[in-house]
Amino acid sequence: MALDRLQTVDMTINMGPQHPSTHGVFRMVLRVDGERILDCEPYIGYLHRGFEKLSENENYHTVLIHLDRTDYLAGFCNEMAYIIALEKLLGVVPSERAEYIRVIMCELNRIASHMMFYGALGADAGALTPFLYAFRERERLQGLFEAVSGARMMFFYFRAGGVRIDLPDGFIRECRRVLDAVKFGIDECDKLLTNNEVFISRTKGIGAISAAAAIDYGCSGPILRACGVKEDVRRSEPYSIYDRLDFDIPVAYSGDTYDRYVVRMEEMRQSIRIVEQCLDQIPDGPFMGKVPRFIRPEPGEVYVRTENPRGDYGIYLISRGGDYPYRVKLRSPCFCNLMALREMLKDCYIADSVMVLGSLDIVLGEVDR
Amino acid sequence: MLGLIKGMIITWKSNWRKPVTVQYPDESLPLAPGYFGFPGLIYDHEVDEPFCVGCQVCARYCPTDAIFVTMKDNPKFKEGTSKRRKIVDSFELNISRCISCNICVEVCNFDAIEMTDTFEAAGYHPDVVAGIPALIEMSEKQRKGVLARPLKETR
Numbered sequence: 108m109a110l111d112r113l114q115t116v117d118m119t120i121n122m123g124p125q126h127p128s129t130h131g132v133f134r135m136v137l138r139v140d141g142e143r144i145l146d147c148e149p150y151i152g153y154l155h156r157g158f159e160k161l162s163e164n165e166n167y168h169t170v171l172i173h174l175d176r177t178d179y180l181a182g183f184c185n186e187m188a189y190i191i192a193l194e195k196l197l198g199v200v201p202s203e204r205a206e207y208i209r210v211i212m213c214e215l216n217r218i219a220s221h222m223m224f225y226g227a228l229g230a231d232a233g234a235l236t237p238f239l240y241a242f243r244e245r246e247r248l249q250g251l252f253e254a255v256s257g258a259r260m261m262f263f264y265f266r267a268g269g270v271r272i273d274l275p276d277g278f279i280r281e282c283r284r285v286l287d288a289v290k291f292g293i294d295e296c297d298k299l300l301t302n303n304e305v306f307i308s309r310t311k312g313i314g315a316i317s318a319a320a321a322i323d324y325g326c327s328g329p330i331l332r333a334c335g336v337k338e339d340v341r342r343s344e345p346y347s348i349y350d351r352l353d354f355d356i357p358v359a360y361s362g363d364t365y366d367r368y369v370v371r372m373e374e375m376r377q378s379i380r381i382v383e384q385c386l387d388q389i390p391d392g393p394f395m396g397k398v399p400r401f402i403r404p405e406p407g408e409v410y411v412r413t414e415n416p417r418g419d420y421g422i423y424l425i426s427r428g429g430d431y432p433y434r435v436k437l438r439s440p441c442f443c444n445l446m447a448l449r450e451m452l453k454d455c456y457i458a459d460s461v462m463v464l465g466s467l468d469i470v471l472g473e474v475d476r
Numbered sequence: 192m193l194g195l196i197k198g199m200i201i202t203w204k205s206n207w208r209k210p211v212t213v214q215y216p217d218e219s220l221p222l223a224p225g226y227f228g229f230p231g232l233i234y235d236h237e238v239d240e241p242f243c244v245g246c247q248v249c250a251r252y253c254p255t256d257a258i259f260v261t262m263k264d265n266p267k268f269k270e271g272t273s274k275r276r277k278i279v280d281s282f283e284l285n286i287s288r289c290i291s292c293n294i295c296v297e298v299c300n301f302d303a304i305e306m307t308d309t310f311e312a313a314g315y316h317p318d319v320v321a322g323i324p325a326l327i328e329m330s331e332k333q334r335k336g337v338l339a340r341p342l343k344e345t346r
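Going line by line, the protein sequences match chains A and B. The opening position of the first sequence corresponds to residue 108 in our numbering, with each subsequent residue numbered one higher. The opening position of the second sequence corresponds to residue 192 in our numbering, with each subsequent residue numbered one higher.
Keep in mind that the hints were calculated from the coordinates and are not lab data. Quick caveat: nothing in here was measured; it's all calculated off a predicted structure. Do not take every clue at face value.
[As the list claims (entries may be wrong)] Here's a subset of chain B near chain A, in silico, CB distances under 8 Å, partners left out: (1) P221; (2) Y252; (3) P266; (4) N293; (5) I294.
Ideal Cβ positions, reconstructed from N, Cα and C, are used throughout, including at glycine.
Produce the complete structure using the sequences and hints provided.
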């Protein structure tokens, strides 16, 4: 029987929302030809909690508790974006010490978040060992977060004009000790996975996206930097004290899964550099600037971009006077990165779709918000 | 092949590290000094009543509506033993709704609430709603410093 007369049809398969590799509740519908993916349709919204609408009924500070819960792996970085927006609206200048405390916490948070990515990507590739090593490092950092802010994930620590409470006694020495341990831990993680032949063959050349396409989709953060675009909000539009700090922006050029992984590994080392500089430079003084007793900004609007571990995180805040914000809009980096998945998954195998999704490092809490 | 072997060496080295596992329900690690568990009511030992006057500010600001407070006239004020005209009548904290966010502590005008180390809400017959006696007990336990640990022991 001639094979060319054999009729084949594309098959549509459903993946998720309750799939262990989808990093939350994410569903994608794949159209496949044999093992090859022809098209992918992402479906989101399973974790929608109406953060933006809820924020309209909270006063300016309590909005922060929702922000911690959008991207729950990088609470400090989210708070940073919102607090800068609020300070701009209020016309408040934060105290010098508070700026340093914020940057230290944000960068430590970045390491913790990337460690989670490292562990999850290893687990997606079928290697469970890196997951345990990553969580050991995360645990050290979360111990620091707990000592500083009182919580391990939902911090609610930053305030307009400063932070809620000063660093505990002996924090700087303890932080240096933890950083040394984490530095060693990152090297260990590097040896465990980066040069592993199985891992390389699963990631190199898989899910590649060109720089032009990544920009078109609005990708940001490590996804964009892995395509060779040297874009980092900390450098292109420096906020807080980032213009005083010396750090490199790691860039890779092929835009595939492996490069996204390598960029994030290097970013962790740069974050350690930033924290070490901050620990050297941190001044004494009040941890709170001059803030009015009641937080009631004048009518106006402001948009602030910051660099989240996942990319360009934006907050659009509108005030019409009064105790409550009129509108809080979130520009989610995860959402834009996730929409590029369709482009990345073209002509991949089904088995690779899990790896590519893992390399995006999405947090569904932020995509659906 | 070299990468695989390098990875194996890391795993082999880790084999000889001291285990750090703590069997949680039987033994637990001490918490950081500023840890946020559930809020507790501070007790005024001088007058023998809680500091809380039941003004409901915490209930109004609570983002999850976990707090329910009522106020009554203070009988001790009539006797002249207390300076508080009003005193808390009932203070109910819904443990299953509380997100340990510290907002109630910050908005309290009388410094009557504090975050405690109590964070375990599970039990065989757990009380979902904690009343005044339970909340005061949580605060008293915190004051005795049973659970707090210094920062240097943070792992």
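Inset, instruction - If any of the earlier hints don't hold here, list their numbers in rising order. - result: 1, 3
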